[in-house]
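Undergrad: As given, the protein sequences belong to chains S and F, one line each in that order.
According to full-length UniProt numbering, the residues represented by the first sequence are 1 to 499, in order.
According to full-length UniProt numbering, the residues represented by the second sequence are 1 to 499, in order.
None of these hints come from the bench; they were simulated from the model.
Just so you know, not all the hints are guaranteed correct.
[To be verified] Under the rule of at most 20 Å between Cα atoms (straight-line distance), these lysine to any residue pairs were calculated in the SDA-like manner:
hint, chain 1, residue 1, chain 2, residue 2
1, F, K237, S, C378
2, F, K421, F, W431
3, F, K119, F, K93
4, F, K328, S, T92
5, F, K354, S, K276
6, S, K160, S, W180
7, S, K35, S, G143
8, F, K93, S, N336
9, S, K9, S, E170
10, F, K164, F, R174
11, F, K236, F, R174
12, S, K76, F, V263
13, S, K429, S, K276
14, F, K4, F, K482
15, S, K177, S, D187
16, S, K384, F, Q133
17, F, K354, S, M83
18, S, K354, F, R347
19, S, K384, F, D437
20, S, K276, S, C472
21, S, K93, F, R347
22, S, K119, F, R498
23, S, K119, F, A400
[Said to hold, decoys possible] Sample of chain S residues at the chain F side, in silico, Cβ under 8 Å:
hint, residue
24, T92
25, A96
26, A101
27, S134
28, D142
29, T176
30, W180
31, N350
32, Q385
No residue lacks a Cβ here, since even glycine has one placed at the ideal position from N, Cα and C.
Protein chains: 2
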Amino acid sequence: MLEKIDLSKKIDKETYKKTEKEQSEKLGLLQRQCKEAGIPVMIVFEGMGASGKGTQINHLIQALDPRGFDVYANDKSTDEERMRPFLWRFFTKLPAHGRIAVFDRSWYRQVTMERFAGKIPDEDLSGAFHDIQSFERQLTDDGMVIIKLFLYVSREEQKKRFKKLESSKETSWRVTKEDWKRNTEYDRFLHICEEMLQNTDMDYAPWTIIEATDKEYAAAKIMTCVADCLEDALNKKNLNGGAKEKEVPVRSESFKAGVLSGVDLTKSISKEEYKKEIDRLQKKLEFLHSQIYRLRIPVVLGFEGWDAAGKGGVIKRLTSHLDPRGYKVYPTAAPNDIERVHHYLWRFWNHVPKAGHIAIFDRTWYGRVLVERVEGFCRESQWKQAYQEINEMESHLANAGAVVIKFWLHIDKDEQEKRFKERQANPLKQWKITEEDWRNREKWDQYESAVNEMLVRTSTTYAPWVVVEGNCKYYARVKILKTVVEALEDKIKEVNNRP
Amino acid sequence: MLEKIDLSKKIDKETYKKTEKEQSEKLGLLQRQCKEAGIPVMIVFEGMGASGKGTQINHLIQALDPRGFDVYANDKSTDEERMRPFLWRFFTKLPAHGRIAVFDRSWYRQVTMERFAGKIPDEDLSGAFHDIQSFERQLTDDGMVIIKLFLYVSREEQKKRFKKLESSKETSWRVTKEDWKRNTEYDRFLHICEEMLQNTDMDYAPWTIIEATDKEYAAAKIMTCVADCLEDALNKKNLNGGAKEKEVPVRSESFKAGVLSGVDLTKSISKEEYKKEIDRLQKKLEFLHSQIYRLRIPVVLGFEGWDAAGKGGVIKRLTSHLDPRGYKVYPTAAPNDIERVHHYLWRFWNHVPKAGHIAIFDRTWYGRVLVERVEGFCRESQWKQAYQEINEMESHLANAGAVVIKFWLHIDKDEQEKRFKERQANPLKQWKITEEDWRNREKWDQYESAVNEMLVRTSTTYAPWVVVEGNCKYYARVKILKTVVEALEDKIKEVNNRP
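All chains should be built: construct the whole structure from the sequences, respecting the hints.
TA: This is the structure we're talking about:
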């Protein structure tokens, strides 16, 4: 999902100054409170080269009392370190209760830079992720707060910065051959980062993506994020002493990593083009359907999107040429009585397709992190841990050979209003629109924020999210069918090429 | 650790009848309470062939209201099941809130019987364990109680039972060729079970070993274990509604899996033999020490044991011929001020040996599950999760190439008293004995129970516990030096044979 994140985010001078001042004071206070409460904190800076880690660390610590923190730069390991198990250098640097340790690069080096350089064989990778997960789980179980920041710039931005650094004698040494290699092979490095993020984005130690194109935006987001995490930790510590889990308010919405804001909704195609394309794709799908049946490939397609974004229409076009014995559409409504007394994923597990079959979900298990989150139908801890649970479920499906794709049908608020009104005016479509649709619409911003977080946390290499520009229905339908066709073709090729 | 468990445990008729009646009534009541509280429960029966799973399931459910449970027998997977991801058959069988599902074999089949039959390649193994772990974590996070029972009989006992089954026409079909194969290659199957247990003994879903030689002992232990787990779940559910975590009393000590009860403390050797052997072994060690230095093998030796069991004397003999630049002894006392404000494993991480060096710990990180547990220096949840944390640390060391061995020096209560009195009488040794030693001695039973649980939960293939019969000091010293010598020789051979 990294490549879809909107990196153009900026902050204006005035808002920046205001945020800077507010968060700075807040951080100082929170540091003192964490010290009193004996809460140890680790702040990890990872990310692209020249994304400004050094500058940002420097900026962040200005707000902190220097007697209460340590900064560790983690370059290549030393001889002493290489003589010991990988985690030794980090375990020995754990902050004491009430102290803060800031890491400029960290235990993630092995699964990012070293993996890129081919120094870690693929078969060691899952062990390395496992070590990281258990390391962080052990620490957070013991009360550690782990804040993980991934500073992200585009390939072009990085190139520009490298060139600028090289142009001056004082800074040119900072750009290495390896740096340039990661720029030249940016996509490969991005993919490695993507896998790192999806394997280590745990509910007890989640990642925050920092859009680092605009330095002031990044600085403000980092301060706000750190302050929020410390505040949450203090709240939780106080609550644990008292009553049961209480909802901790979600703040700083303005700094959530955005995918939707970067979606170009003007994309469209003409009716003629649409007719031609959709006809071609449907015939193709018909053919591929028999292939996947023969090769026993299971397929899971999930559809989510705004009300009236056109899910129904797409599913109709998707299935019109398919053999009905080989696919099934599952509409997902509010859970019934039986479903309510089971694990929330149980009803979806019941509909896992057989090998060779297609299961199409009209709304999905993502209800947990969308409607249930926004409407408060589940506790905060529940939707927060759902990202990992859902990733695990989808990874299990993918490991069993399934094609798993999720579509987010995106329209803007105006387009939705237009469609709602059309539906109300058309006696044949009136049933499609209810009071609830209008109510949901009022919570647009909350939903948008939930959608953004969902897209960032659950788009994986094995089960990607595809954001579909849906203002033009024709464009949306063609994009979706095309995506499915290509995914099936890829999978068929993979299976046929197996030795 | 399986092979060290005392399988001779029995129960007398009268105690059995009493336990049976008590637990039966209790189970009925607890089932109703769990139903009211909406707690779903899964009870998993795994174990050796002919260990009596069917009989025991049948016996257990007699105590339950049949309207509230389902029993699932998990034979080889059906065609329908093979067409879907591995976990599908279990996820779809989840009990609803308030119901109990009993599994006769389960999702562990793949990592036991199928692994034994060579149906699962080694490279898929860690993925399979990972699936199991996340499956159980997802469920318990959602409030599921998972009770996992491993029914264990010896090879001889199994053989006897197979023969008996075969001797009658009605039952002979129940013994298959695969059953006999697992008996013939009992040690290999045991090793597979051992690895299964150590990879899936999580604090949220721990295993209980059922010594199944005596059917009535097993039945009583199973009932008691299930009742205890349900009671704990109810307590926790009630507590979560109210104040913070409270200590749940640990009960049913009498049914804890025992290792110590099977230790033969009469083992001894003569002074002459001792002198000859110790001399030979020390010279051998001196030679091996230079080898491991050359090959850069790190070595971690941990010593635990009863007060006055002879740890100091052993460590002296172990190190007397070693180059002091190549080893270090770390005595472990109560944590100091600095250590107290760090993670409890931090101080031990600081002493992880460099490659090629030996670290000897006189008392270890196991203090967490011994003295801290018994004396209440940490919370129940903390020592319970420590088993997994410690296993993870030791596995990290072993993966980095280290030899890791832990010794439990065992003596009986009489021997300890004798030694205490000797120390008091001897002016040169008086410093070795304090009031605290006498106080600890009063808690012998509590410590014994903690030691048994520690040995069962943390003896792993990569970092085994060695229980040392210590009433005869000569015997103990020779056994320990011999164990170290053999482990080093094995490791050196392994490293030298590496391509």
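Undergrad: Any hints from earlier that this structure breaks? Give me their numbers in increasing order, please.
TA: 3, 5, 9, 11, 12, 13, 18, 19, 26, 29, 30
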